[in-house]
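Participant: Quick mapping for you: the protein sequence lines, in order, are chains A and B. When we follow our numbering, the leftmost residue of the first sequence carries the number 1, and every step to the right adds one. When we follow our numbering, the leftmost residue of the second sequence carries the number 1, and every step to the right adds one.
Accuracy of the hints is not assured; some may be wrong.
Capping the alpha-carbon separation at 16 Å, the derived lysine to aspartate or glutamate pairs in EDC-like fashion look like this [unchecked claim]:
(1) Lys123(A) with Glu171(B)
(2) Lys141(B) with Glu87(A)
(3) Lys136(A) with Glu41(A)
(4) Lys141(B) with Asp56(A)
(5) Lys127(A) with Asp103(A)
Worth flagging that the hints you see were computed from the coordinates, not collected in a lab.
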Amino acid sequence: MQVKDVMNKEVIRVTPATPLAGLIELFKDFHTFPMVPVVDEKNKLIGKVSFENLVDVFSPHTADTRRLLRGVPFLDIEEPLNIFKVEITPEMVFLFVVDDFMDRHVISVHEKQQVEDAYLLMKKDNKDNVPVVNGKGELAGMVGVFDIVLALFREKGLLQK
Amino acid sequence: MNVILGLGIILLVGLFLSRLISKLKIPSITAYLIAGILLGPHVFNCLSQDLLESSGLISSIALSFIAFTIGQHFSREVFSTIGKRVLWISIIAAVLPWLLISVVFFTLLKQPLHLSMIFGAIAAATAPAATVMVVRQYNAKGPFTETLLGIVAIDDAWCLIIFAISIAIGEGLQSQAASSMLIIKALMYATGEIIGAVILSGAIGFILHRLARYVRTQGELLTYTMGLIMLNTGLAIYWNLSVLLASMFLGAIVVNINRENIRFFNILRSLDHPLYLIFFVMAGAQLQIPLLAKFGLIGLSYLILRVVGKMAGAWLGAVIAGADKVTKRFMGLGLLPQAGVALGTALVAQARFPDIGDYVLTTIVATTVIYELVGPVCTRIALVKAGETSKDEKEL
Numbered sequence: 001m002q003v004k005d006v007m008n009k010e011v012i013r014v015t016p017a018t019p020l021a022g023l024i025e026l027f028k029d030f031h032t033f034p035m036v037p038v039v040d041e042k043n044k045l046i047g048k049v050s051f052e053n054l055v056d057v058f059s060p061h062t063a064d065t066r067r068l069l070r071g072v073p074f075l076d077i078e079e080p081l082n083i084f085k086v087e088i089t090p091e092m093v094f095l096f097v098v099d100d101f102m103d104r105h106v107i108s109v110h111e112k113q114q115v116e117d118a119y120l121l122m123k124k125d126n127k128d129n130v131p132v133v134n135g136k137g138e139l140a141g142m143v144g145v146f147d148i149v150l151a152l153f154r155e156k157g158l159l160q161k
Numbered sequence: 001m002n003v004i005l006g007l008g009i010i011l012l013v014g015l016f017l018s019r020l021i022s023k024l025k026i027p028s029i030t031a032y033l034i035a036g037i038l039l040g041p042h043v044f045n046c047l048s049q050d051l052l053e054s055s056g057l058i059s060s061i062a063l064s065f066i067a068f069t070i071g072q073h074f075s076r077e078v079f080s081t082i083g084k085r086v087l088w089i090s091i092i093a094a095v096l097p098w099l100l101i102s103v104v105f106f107t108l109l110k111q112p113l114h115l116s117m118i119f120g121a122i123a124a125a126t127a128p129a130a131t132v133m134v135v136r137q138y139n140a141k142g143p144f145t146e147t148l149l150g151i152v153a154i155d156d157a158w159c160l161i162i163f164a165i166s167i168a169i170g171e172g173l174q175s176q177a178a179s180s181m182l183i184i185k186a187l188m189y190a191t192g193e194i195i196g197a198v199i200l201s202g203a204i205g206f207i208l209h210r211l212a213r214y215v216r217t218q219g220e221l222l223t224y225t226m227g228l229i230m231l232n233t234g235l236a237i238y239w240n241l242s243v244l245l246a247s248m249f250l251g252a253i254v255v256n257i258n259r260e261n262i263r264f265f266n267i268l269r270s271l272d273h274p275l276y277l278i279f280f281v282m283a284g285a286q287l288q289i290p291l292l293a294k295f296g297l298i299g300l301s302y303l304i305l306r307v308v309g310k311m312a313g314a315w316l317g318a319v320i321a322g323a324d325k326v327t328k329r330f331m332g333l334g335l336l337p338q339a340g341v342a343l344g345t346a347l348v349a350q351a352r353f354p355d356i357g358d359y360v361l362t363t364i365v366a367t368t369v370i371y372e373l374v375g376p377v378c379t380r381i382a383l384v385k386a387g388e389t390s391k392d393e394k395e396l
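Here chain A stands alone, though its shape is the one from the complex (with noise of 0.2 Å):
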């Protein structure tokens, strides 16, 4: 079975440009707020947004120096930035966009991976789900362990095909 059989083709994706104001508006209903993939304008993926990275939307800093900074070690041992005390104000919804907060280290499968293969690197990096591309680097979906684990109930007869 290959990853394409099991993923979801049907994605919310977001572009650099996209405002912050727009991401939230995407996402405001759901349970909680998923991993995003960012594409460029041929569909390329170039990046994720998670919650990690909506934090860094509190951050006084330029994307440019936070990603900097994630290379220093020592700084875990200091006091965490405190969300709380940030001063941000209403105007900065609309005038961040995804591009200062994404993450350009995005962990993907080919969707011609096996499955199995895909869920072992889903454990090994600790991800719930993770974006899928096709051979030209495009995004083709999103897989989670929950679509492989619906896929392997529907094959032991658990589930309806």
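Given chain A's structure and the hints, the job is docking chain B onto it.
Facilitator: Frame of chain A, contents of chain B only:
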């Protein structure tokens, strides 16, 4: 007291002392060093000899992880991110203190060349954690703050390179019989150490990337990453190559092979806090209090020359990069804290040069405590002068 009991005490005393001291707006590293000094042989003597003797092993492992982590800064992404200003100021503010201290210690203070160069190289390091702490405390934001954070994020990488060159030259000087060709032979020895480290880390980095497909769980990924970093470090020690550069190059190579390799750096983060806490407390425990008075002139000279070197280097870098007046005048002041990488490199020097090791480590531990107390105040002044702190701080 047995080793495990000692480690338990280190973790708990370090943790709670840092929480207590954070109320005074002092960096946690200072708390860990003070915890180490208090627990160490010259105050309460709570740590067994076995544990103190194993500190070299703990430090070497921690340092190889630190250097590996710093190596991820040499990615294409980071180099496309850092601006001309950050690059120039960080390089010159690292190189100038190295040259200044090396020359003054060797010529005026009549110290051995290898000792002078090691002190100079250690002076290049700063303290990103302390700088970030001050920036957060005073809610600083603006172009000066961004430049300052960019510099402290990458200048420890320059420190490791300078230190590796200094230590390789120092070893070269010691291994060669005195002759007119001494310096040339020492430089050739240093070049061999560095090229060897590049070749070794390149090979290990390739293996790390290729065999990762056989790793199946988060636990295995941590084991695998630690295993290959230690293999790289162990082989570098075995072949007498530059250990810090080998670890740093490994990080640089891995991050550039594939963007997904960031997983190797992320997984190590789960070990960071306890490992670094033990590392700093053990460094504090090795402070030779009786030696402090004896090294007063060297310590004082190091303190002053590092300040002069950092201020002048930051100014010169800002001039070359065409930075604004505020950056030229105050950036050096923001770079004064000194902490983790300085202590780490001092511990390496202690292990590699037993004749001068205690001398270097005691000076660096003592000056780190001073810099970690005074440095954040200077950083705060720089941020206030740049007009980038919150309103209630601007009246300074």
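Participant: Indicate, hint by hint, whether the structure satisfies it.
Facilitator: Now the hints, each set against the structure:
no., hint, in the structure
1, Lys123(A) with Glu171(B), "violated, 46 Å"
2, Lys141(B) with Glu87(A), "holds, 11 Å"
3, Lys136(A) with Glu41(A), "holds, 14 Å"
4, Lys141(B) with Asp56(A), "holds, 14 Å"
5, Lys127(A) with Asp103(A), "holds, 15 Å"
When held up to the earlier numbered hints, the structure conflicts with hint 1 and nothing else.
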